[in-house]
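Please take these sequences and the hints and turn them into a complete structure.
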Amino acid sequence: MTAVEVKELRKEFPILSEQVHGKPLIYLDNAASSQKPLQVIDAEAQYYCHNHSNVHRGVHQMSQRATEAFEQAREKARVFLNARETAELIFTKGCTDAINTVAHGFGQTLSKGDEVLISHLEHHSNIVPWQMACQRSGATLKVIPMKADGTLDWSEELLTEATRIVAVNHVSNALGTINPVERIIADAHAKGAQVLIDGAQSGPHMAIDVQALDADYYCLSGHKVYGPTGIGVLYGKLDRLKELPPYQGGGDMIKEVRFEGTTYAEPPFKFEAGTPNIAGAVALGAAFDFMASVGVERIARHEESLRKMGEEALMGIDGLKIYGTAENKASVISFLIGSNHPYDTGVLLDQMGIAIRTGHHCTQPIMDYYDIPGTARASFAAYNTEEEVLKFVDGVKRVAQMLQ
Amino acid sequence: MTIQQAQTEIEEEFELFDDWMQKYEHLIELGKDLPQISEEHKDDEHLIKGCQSRVWLHARLENGRVRYSADGDALITKGIISLLVRSLDDQPAADIVEADLEFIDRIGLKEHLSPTRANGLLSMAKQMKFYALAFQAQNGDAHG
Ligand SMILES: Cc1ncc(COP(=O)(O)O)c(C=O)c1O
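Each protein sequence line maps, in turn, to chains B and W. Take the first sequence: its letter number 205 is residue 212 in my numbering, and every next letter is one higher. Take the second sequence: its letter number 79 is residue 1339 in my numbering, and every next letter is one higher.
It is worth saying that the hints were derived from the structure and are not from the lab. Please read these numbers as outputs of a predicted model, since none were measured by experiment. Beta carbons: idealized from backbone N, C-alpha and C, even for Gly. Just so you know, not all the hints are guaranteed correct.
From chain B, some residues computed to sit far from chain W (all C-beta separations above 12 Å) [as the list claims (entries may be wrong)]:
| no. | residue |
| --- | --- |
| 1 | A39 |
| 2 | S40 |
| 3 | I48 |
| 4 | H57 |
| 5 | H67 |
| 6 | H111 |
| 7 | A197 |
| 8 | G256 |
| 9 | G302 |
| 10 | G366 |
| 11 | T392 |
Output of the computed footprint for chain W on chain B, the stretches with three or more beta carbons under 8 Å from beta carbons of chain W [claimed, not checked]:
| no. | stretch |
| --- | --- |
| 12 | 339-350 |
| 13 | 354-360 |
Structure, rendered in structure tokens:
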């Protein structure tokens, strides 16, 4: 994207003209949550103004309109992930909810002696649900180790006859590493294990094709792909979803309810108990449209150039260390200035209007690996400019001087 | 110097700065001069809960006055706690228990911190008073 094109794009994001501490906002906390274009904000408002009712329930016109809008959003999710059919897409609250859905259901099929394989690079959301599933079932949790550059030390020998499922992220939120999920999926399948890919951080930055990947499960968080909070998507191969026990019980997820016993609806409805976040799903559909209209590849190239520019400039600062130096990275720069606490860096940049994230980023095992309390993390989105990256780098230089 | 005088001094000092960047610069400098807690007291028992970064606080009674030492792993946090130590250190326990820490509001520190950080600040102040209260009870000097 040219500077002019980015400038045009920014006009679609009202929040980017906000000021913080009297300075224009430079928003570099996109890995935590990205900002929303008018297209998404309007879609939610328009839905409530013109189409709202409950879904799948009424014969009346409004319920039909709401159902159509909701199911159209599901179709957009299908296209975004290139899934075979819409029945494979479940609306969830986000990645955390999606992973819990799988871990809870899959956990019921686990028993003592089985193994669940996760990685050292996982977000707590892709650790804790599996720990819980292992605790309940007596299965063993195993971890793919990481290397100093922030890549996974993958070897197919980590898979055993007992490995039932592998759960890894496509992109690490703390370090930006793009993990070799194609290979992990192929190796796991060869051993008869299933694979869940946490796509929270890949969704915003790369084209995803679940069929080409051959992932059994893949999840997204809406608020990281320019969509609203409280909505996300869980993809599962239809056969897998048919086998997977439901997560929550309630309305909409049943075929027939008798006191003697209940039969469940088919996927995706089996996993959508209760009235769903209809407006959120509709607005998420608009977010997928937004990404398609800008072009995922274009966004990725733009972010890549911002990241590389930022990394090169930061490396010139005395004592600054970048964590996560993999060849394949997406849109994240995690760093520390000497032995300074990232909190100081975050507070001072905030004073300059620059929003970054500080802390362990819900990945304490990674911080323990490096023996640090956390990092400062800048992460880029389609609407960030080169000028913002330069201001950020100048800000970091100033912070480095102040903390000396 | 009384607690009140110490607070006034801090307020006057902060009035010298035009913007918060300078105030933070000052806090960082103050943080570097914080009376150092001894290494043996940097343990879980002396850790203050509710802070984003780690802060350790120790108090002892010396000639009827409470002496504080502290450390933290973030400089700004150390600066903030150094202000609290400056107001309350070397004062009688009873006065510390009664102290109204108005300077925090007056220099705009609380509103300038995010809610989690402001909570951390309050936890620090509370813990300092808590030590004073404990010394007061120990001495049976409950007149305050
Ligand atoms: C890699 C990764 N997984 C999972 C999550 C959890 O997503 P959510 O909080 O939207 O459920 C995040 C969010 O930070 C993430 O970065």
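Check: Looking back at the numbered hints, which does the structure fail to meet, lowest number first?
Finding: 10
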